[in-house]
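Assemble the whole structure, with the sequences as input and the hints as a guide.
So the sequence shown is numbered by my numbering: it starts at 9 and just counts up by one.
Hints listed in this document are in silico derivations from the structure and should not be mistaken for laboratory results. Glycine included, each C-beta is placed from N, C-alpha and C at the ideal position.
Pair by pair, the computed Cβ-Cβ distance ranges are:
1) Ala-110 with Ser-173: 44 to 50 angstroms
2) Phe-46 with Ala-252: 35 to 41 angstroms
3) Phe-112 with Glu-331: 44 to 50 angstroms
4) Ser-283 with Glu-385: 24 to 30 angstroms
5) Asp-262 with Phe-112: 47 to 53 angstroms
6) Ser-348 with Glu-129: 52 to 58 angstroms
Keeping only pairs whose Cα atoms sit at most 20 angstroms apart, straight-line, the calculated EDC-like set for lysine to aspartate or glutamate is:
7) Lys-240 with Glu-288
8) Lys-240 with Glu-272
9) Lys-353 with Asp-154
10) Lys-353 with Glu-145
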Amino acid sequence: MKRIFLLGILSLLSLKAIGVESDSLIKTTVGGQGRLRFERSERTDYASERSAFLLRVRPEVRLSKGSELSLFVQPQFSKAFGKPEFPGTTTTTNASQATSGATFDTSLGIHQATIEYHPGETLQFIFGRQLLSYGDELVLSGLDWDNVGRSFDALRARYSHGLGSVDLFYSKLFASKVTATAQGAGDGDLLGLYSTNNFGLGFSATDLYLLYRQDQTTGSNRELFALGARVKDRFGALDYRVEATKEAGSQFTDAGAAYQIDLEVGWNFDAPFKSRIGLEVFQAGSTYDQLYPLAHKYLGIADIFGRRNIQGGVLHLTAVPTEGLTAQFDFHYLMRTSTSAPAYKLNGSTALGTGTNTSSAVGSELDLIVSYAISKEITATLGGGVLLPGEYLKAELGNFNPTFWYAQWVAQL
9 MKRIFLLGIL SLLSLKAIGV ESDSLIKTTV GGQGRLRFER SERTDYASER
59 SAFLLRVRPE VRLSKGSELS LFVQPQFSKA FGKPEFPGTT TTTNASQATS
109 GATFDTSLGI HQATIEYHPG ETLQFIFGRQ LLSYGDELVL SGLDWDNVGR
159 SFDALRARYS HGLGSVDLFY SKLFASKVTA TAQGAGDGDL LGLYSTNNFG
209 LGFSATDLYL LYRQDQTTGS NRELFALGAR VKDRFGALDY RVEATKEAGS
259 QFTDAGAAYQ IDLEVGWNFD APFKSRIGLE VFQAGSTYDQ LYPLAHKYLG
309 IADIFGRRNI QGGVLHLTAV PTEGLTAQFD FHYLMRTSTS APAYKLNGST
359 ALGTGTNTSS AVGSELDLIV SYAISKEITA TLGGGVLLPG EYLKAELGNF
409 NPTFWYAQWV AQL
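And the structure:
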């Protein structure tokens, strides 16, 4: 079946032109992205040193019939060079299998595959495997930085109106009874309502959202309710954004500490070249569940910390000294919100230290990213970050400096 699927994809990609009509009714649009990144992490997990060449290729095909119906598929080949796989050798065991220089291929996956139906100008339905990415991705993100990314098996309806749109979506996160043999104690489900609005000056991007997640995979019914709001705008040289989320539900032992707020204000300059200076402050409570975020963008590119029991500030400096060249420097100062709980790793659930040390000072991270657009389709990027540990990390995990750096090349068709 996999070979048949691949032949089908290759047949679509062999069309003579992008975005031409194959007949009078069906229009075919083809595109894609390729990305190669080398990255090096030195004890950013406080345990190991890692390095890898990461390759990701995402071709995409859209078949459209008029303005009402379209099919979209985005296969994905994603792997670390030389990384072995572990195919099943029996019903209970796996064996390591080389994937480079061997007669064994890394699997091809499907990142997105949707049926899209537009019964009218204001109504749209999207069914299938898709991205759920909203706002500044503090809560719901496609996590494009990751070599695989994040997709949801979901049903989504969108209603568009004069001021914006409203999305209602449902995602099956885990299905326990697809086969005759139960896989776990129960299902996991996500239900969301996300409203995006343009209310004019000062509120040109105003979002309101309500999320509900049910997790029965461990036997008990763990429920989460999240209510959030986001506002973002720009007045001349001044820009700002603010987002706050409050959570409640049976999964929390202390729902009062299940919250987050993030505020950033920036000033933009046109001379002597385009640049920006921004100041950001944020806080997340000790029981906050970060859900499905893009932490990499906000809490340091070394990807050490998750958005839980953490607060602090960030200085953002961005410069575009010449066309195509962008440099960004960020200085993060990080503290624990509560000294009665530990800091948390990137996943937001694994403790970073025991939490017994009484200092709130977690540390400071310095990040530098330089990108150059070689052409309209190709961008090259160099980036790196180093963490300077504060008293808490020194006492709990040792006095050393976790570092991360990468070189990346992206081609977008």
